[in-house]
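Novice: Mind assembling these two chains? They're in different frames, but the hints should get you there.
So the protein sequences, as listed, match chains F and E. Each residue of the first sequence is one higher than the one before, starting from 1 at the first, in the UniProt record's numbering. Each residue of the second sequence is one higher than the one before, starting from 1 at the first, in the UniProt record's numbering.
A couple of the hints might just be wrong.
[Said to hold, decoys possible] Okay, derived cross-link-like pairs now, EDC-like style, lysine to aspartate or glutamate, Cα gap no bigger than 16 Å in a straight line:
1. E:81 <-> F:42
2. F:143 <-> F:4
3. F:143 <-> F:37
4. E:76 <-> F:37
5. F:129 <-> F:54
6. E:81 <-> F:38
7. E:76 <-> F:42
8. F:109 <-> F:67
9. F:109 <-> F:77
10. F:129 <-> F:53
11. E:76 <-> F:46
12. F:60 <-> F:72
13. F:129 <-> F:46
14. F:74 <-> F:107
15. F:143 <-> F:42
16. F:34 <-> F:46
17. F:109 <-> F:72
18. E:81 <-> F:37
[Stated by the list, open to error] What the simulated footprint calls covered on chain E by chain F, stretch by stretch (three residues with Cβ under 8 Å from a Cβ of chain F suffice, anywhere in the stretch; the number is not a length):
19. 76-85
20. 164-171
Think of the hints as simulated: they come from the structure by calculation, not from any bench. All C-beta atoms in this analysis are idealised placements derived from N, C-alpha and C, irrespective of residue type, glycine included.
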Amino acid sequence: MTMDVAQLQRKLREHQAAMFQQGFLDDQFSQLQKLQDESTPDFVIEVITMFFDDSENLLKNMARCLEQVPADFKQIDAHAHQYKGSSASIGAARVKNVCATFRAFCEAKNQEGCMRCLSQLQQEYSLLKNALQYLFSLQQQIKAAGGSIPTQ
Amino acid sequence: MFCYMQLMQGNIWLVPCNHGFPQSMTLLLRFQLRPSITIAISDPGEGSEHTDSNSMLRSLQVLLVDNDDVNRAVTKRLLQKLGCVVTSVASGFECLTVIGHAGSSIQVILLDLHMPDIDGFEVATRIRKFRSGNRPMIVALTASAEEDLWDRCMQVGINGVIRKPVLLHGIASELRRILMQGNIVL
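Okay, chain E solo, but in the shape it has when bound (with noise of 0.2 Å):
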């Protein structure tokens, strides 16, 4: 069974309860879009899916954070090719200054994990403490293979997850995914 969650990069916990059962389970599962699906239900052909995806990006409020001056601006970018409002920070302090402002607009945090001040670990686990809920999404970006980032990110609340180097389908992908995955959860 467990090998089952890894390999659809899930995971399953037991979770002790008090409540006069014993405990309970958690299952974590990890679906993503086949494509075929995706085009079955945008009009066929390229064109038509390509303006469907970014309808869906489009004015999305983003918060960049990344220390790196050049990675920081080729993806943003990416981003505003895309559609998205984005606004940039170079660090895990700045981050935190922009989110904890009341009326802060922020939809998703892009959040490069590797930082010199506080990791973007330590930055999500800060954001997750001080605001309710799941808002805003927050995204992981990392050149890290390693095979238990993904629990990892979980645990402390990040919803998705963005190999570097970032190309354009793959943050138009993995934004479309927890967008889509927020809706149905909240």
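Okay, chain F solo, but in the shape it has when bound (with noise of 0.2 Å):
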């Protein structure tokens, strides 16, 4: 038997409030999300898909800069600083926050630090992922069901 609209849209109140709380998001996302109207009715998942497929590049990228020997900080500093650009214009505020200490790292020229970050970032990056992911789900069988996406 599957779950009536009302139950899934309090589902998602649920995980998109939690979402906040948790710090992953923050005001940005909502502003992302009123701009989304009639006109525009898939803006914020387009966005978002946009931002994950950044987000896997950025990361791949940075890896490789930092497995070089020496490393490249400079060019590291320039991907920690797109990321940091992308993710606060979204309202990823953990990815951001750890694209702040990471440029830092980068700034000292600081290998170990540098890792540190980047493995964080990943880990940041997934869960952020995972959970969006889910968010995006709810809705789609909120629209599904011929229910109506409840509003924070």
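Specialist: Quick look at the structure:
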């Protein structure tokens, strides 16, 4: 037996609230949701999908730069800067914060610190991705069941 | 005096002059519209103020220049939400191509300062070199909190600055500010 719409809506509200409470998301994500309207019904999912693709590329490139001997700190810093900017613009608060620390280690040419930050970023990114994908799947289930997506 | 200028986000320069006078002085002051004045002009109430600000930005031709896909998509949507007609490009070179095109109808360029090929300062410098006057208006997008950023921007002919991450009210008020300033100056 499938869950009814009200139950799904409650689940979505709780899941979203938890993502904010645990610091995965900040207000910028709410702004993103407000930018979506009838003329752009898939805006959020499109931007987030783009963010996932870019994240995976940036993480791969940062790992490659760190493996080089000597490590290319300047290039890693450029990637961390870009990642900080894109995570800030979608409201991925925890990813953004790790990027800031990452940049400080790049500036200090601290290889160990950079390695730690990279694995932390990989972890934060995968947690965020799973949580957002779950959020979108709840939204889709609600829509499929003919319900409306509750705003926060 | 200099301290006051800085507090007001302005600056003061001594400009050498060879027409008999030893020198002249340039004062650059940045005035901000107070919310109370804005409300006094429009009808009281949030709704009417909102309509007012949007009508000023409606159909404004904006060229957005940002090399990051995600930032570009979000800022573009923000501008569209404000009623602007947006063209977006991913590099300084593309920006120069669009602006260099005869008959370009772009009124405002939103330019990311930090770009890998040629940065925003260089792009602005080149535009001001081959396009006379203050058109199109150029607004810098930056995550930097450097103190001398305003000075550096103004010295290359940039008219405004928007801090990243970009917010709807931040972008709207800076665009309105430079448009009003532009109307007074030109």
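Novice: Determine for every hint whether it applies to the structure shown.
Specialist: Going down the list of hints, with the structure as the test:
1. With a C-alpha separation of about 15 Å, the suggested pairing of residue 81 of chain E with residue 42 of chain F holds against the 16 Å cut-off.
2. Distance hint between residue 143 of chain F and residue 4 of chain F is fulfilled; the C-alpha atoms sit about 12 Å from each other, no more than 16 Å.
3. With a C-alpha separation of about 15 Å, the suggested pair residue 143 of chain F and residue 37 of chain F falls inside the 16 Å cut-off, and the hint holds.
4. Of the pairs offered as hints, the one joining residue 76 of chain E and residue 37 of chain F holds, with about 14 Å between alpha carbons and a cut-off of 16 Å not exceeded.
5. Using a Cα cut-off of 16 Å, the hinted pair residue 129 of chain F and residue 54 of chain F holds, with the two alpha carbons roughly 12 Å apart.
6. For the hint pairing residue 81 of chain E with residue 38 of chain F, the CA-to-CA distance comes to about 12 Å; that is within 16 Å, so the pair holds.
7. Annotation: proposed proximity of residue 76 of chain E to residue 42 of chain F holds, straight-line Cα distance about 15 Å (limit 16 Å).
8. Proposed proximity of residue 109 of chain F and residue 67 of chain F is supported: the alpha carbons are some 14 Å apart, at most 16 Å.
9. The suggested pairing of residue 109 of chain F with residue 77 of chain F holds, with an alpha-carbon distance near 10 Å, which does not exceed 16 Å.
10. For the hint pairing residue 129 of chain F with residue 53 of chain F, the CA-to-CA distance comes to about 11 Å; that is within 16 Å, so the pair holds.
11. Under the criterion of a C-alpha separation no larger than 16 Å, the hint pairing residue 76 of chain E with residue 46 of chain F is consistent with the structure, at around 13 Å.
12. Taking the CA atoms of residue 60 of chain F and residue 72 of chain F, the gap is near 14 Å; set against the 16 Å cutoff, the hint holds.
13. Distance check on the hinted pair: residue 129 of chain F and residue 46 of chain F sit about 14 Å apart at the alpha-carbon level, within 16 Å; holds.
14. Taking the CA atoms of residue 74 of chain F and residue 107 of chain F, the gap is near 8 Å; set against the 16 Å cutoff, the hint holds.
15. Restraint check for residue 143 of chain F and residue 42 of chain F: satisfied, since their Cα atoms lie roughly 13 Å apart, inside the 16 Å limit.
16. Between residue 34 of chain F and residue 46 of chain F, the direct Cα distance comes to roughly 14 Å. Compliance with the 16 Å bound is thereby established for this hinted pair.
17. Straight-line distance between C-alpha atoms of residue 109 of chain F and residue 72 of chain F comes to about 9 Å, which keeps the hinted pair within the 16 Å bound.
18. With a C-alpha separation of about 10 Å, the suggested pair residue 81 of chain E and residue 37 of chain F falls inside the 16 Å cut-off, and the hint holds.
19. With a threshold of 8 Å between beta carbons, the proposed coverage of the region 76-85 of chain E by chain F holds, since 3 of its residues qualify and at least three are required.
20. Requiring three or more residues with a Cβ within less than 8 Å of a Cβ of chain F, the coverage given for the region 164-171 of chain E holds, as 5 such residues are present.
Of the hints listed earlier, there is not a single one the structure fails to meet.
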